[in-house]
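Protein sequence lines correspond, in order, to chains V and C. With the numbering used here, the residue at position 81 of the first sequence is 81, and numbering never jumps. With the numbering used here, the residue at position 125 of the second sequence is 125, and numbering never jumps.
Treat the hints with caution; some may be incorrect.
[As the list claims (entries may be wrong)] If you want the ones that stay clear, here's a sample from chain C, every Cβ over 10 Å from chain V, calculated:
id, residue
1, K28
2, T32
3, L58
4, Y112
5, R120
6, N129
7, R163
8, K180
[Unchecked claim] Partial pick of chain C residues on the chain V-facing surface, computed with a CB cut under 8 Å:
id, residue
9, I4
10, V16
11, L176
12, E187
No wet-lab data here; the hints were simulated from the structure. Note that beta-carbon positions come from the ideal geometry of N, C-alpha and C, so glycine has one too.
Spelled out from the first residue to the last, the chains are:
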Amino acid sequence: MNVRINAEEIIRSIEAAQMKSDLPEIRVGDQVRVGVRIQEGGKERVQAFEGTVIAMRHSGINRTITVRKVFQGIGVERVFLIHSPRIESIQVLRRGKVRRAKLFYLRDQVGKATRIKAKAESPDS
Amino acid sequence: MTQIFSPEGLAIPVTVVQAGPCTVTQIKTQATDGYNAIQLGYLPTTEKHLTRAQRGHLSKAGVTELLRHLREFRVDQPEAYQLGQKITVEMFSPGQLVDVAGTSIGRGFAGYQKRHHFGRGPMSHGSKNHRRPGSIGAGTTPGRVFPGMRMAGRLGGGRVTTRKLQVVQVDPERDLLVIKGCVPGVEGGLLEITPAKQVGNKR
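The following block holds chain C by itself, in its conformation from the complex:
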């Protein structure tokens, strides 16, 4: 992340994303697969990183590059795409809203405060309750802990979508997107960037 200045002189926090170029590796249609989608491949790699099945899948689509990552995106009109077609950052324009999905940073086995934003107990005056959860339910009735009680456990490392982020700059020469705000995951992580999904019946 860094920050850049808007024409009005405001500093905007931005994330620089290497976006594509992606190649269409498969087209799924209502007739063949029951739904409409395209599969995109990204990041040319070497032969040793792909299995024979993966290489076969790519060569079947007529894609000569060896692409490490494949991801599927739902589209309304799969006929608009051809196998081997390049999808670049040129599909985005500055000011456009996008949804960015990725794998969030894994935090391992996290306690109540980090995982569920519980408050903390007093640190002094003889208190032995520093990071404990407090009560997790009533006594003999019901005599059990209700399902869904928030407790410590694995945090992060899951799929997260950050919605409606603004595209600030598009650099088609270097395939870069400059997106306002932060995006899920670690540096160098794989992201899925799509035009922002409209929720609700606003047209």
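Next up, chain V with everything else stripped away, as it sits in the complex:
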């Protein structure tokens, strides 16, 4: 049935209308700063969350990144739906050199062991 063959294409076109085109290329291991729109008592402001991308999931409009940072000795992870209008901006601060697609091993490490070597190339922002 031709209805079935077109389905993929149609869904992509509906997603494409809402996808952001200005996102930088984000990879696992990168140090990023994410600007999140939050609502506080009727006022809206942008809050920054800075950390390491330890995982990327899904594709297209559903793409998410998991950003981890250690704050006051406690590991904090947030998952961001990167095409969401609530994400104001994403900046890549430093490229990391990693050999894995998921950096969940960082959760079990502390201090110096959590450092990720910078990649030789300069971040293209």
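Dock chain C against the given chain V, drawing on the hints supplied.
Just chain C, lined up with the frame of chain V:
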């Protein structure tokens, strides 16, 4: 299914439905059939997929296309429709509630847990009761199993109506409806989409 963002930035799960265009192929009225309804045809196809009787039915209605699926919908005023009239997604608007009916995914012969959401027995400690039903009734009195006892059997593959789903987007150019949530049946399945039926005496 996919997800899109609302103006507030919330991600809404949606299903994209190819809806129509449908052609009115028959009008049933109180006088001729005892009730008021219109019959809609959908999906142009080739001659080999229709029987001679089906082709005859379409040509009698003055419909030149060969339509594969015919479905009947009850209406209050059949006079408002003409044979051959196109019904498109323009009858729906974003925010409107609709009822979506279709054939649910067939699951074959399914056990107690899948079909009736029974609990499971212990998996270990010598238990041999993993997915069994437990007791199905008393003993010598009544000496039989009562009718209606929930047991394993065919699941799915029947008509299911999901009520009060919200229309998120309407695309008249490509005849698409974007509906919040999921709809019954497999991908590419035939659906009947109607404005949500008001139940009760709320006006």
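Hints, one by one, checked against the model:
no.: 1; hint: K28; result: holds, 28 Å
no.: 2; hint: T32; result: holds, 33 Å
no.: 3; hint: L58; result: holds, 20 Å
no.: 4; hint: Y112; result: holds, 34 Å
no.: 5; hint: R120; result: holds, 30 Å
no.: 6; hint: N129; result: holds, 37 Å
no.: 7; hint: R163; result: holds, 24 Å
no.: 8; hint: K180; result: holds, 13 Å
no.: 9; hint: I4; result: holds, 6 Å
no.: 10; hint: V16; result: holds, 5 Å
no.: 11; hint: L176; result: holds, 7 Å
no.: 12; hint: E187; result: holds, 6 Å
Hint violations for this structure: none, all hints satisfied.
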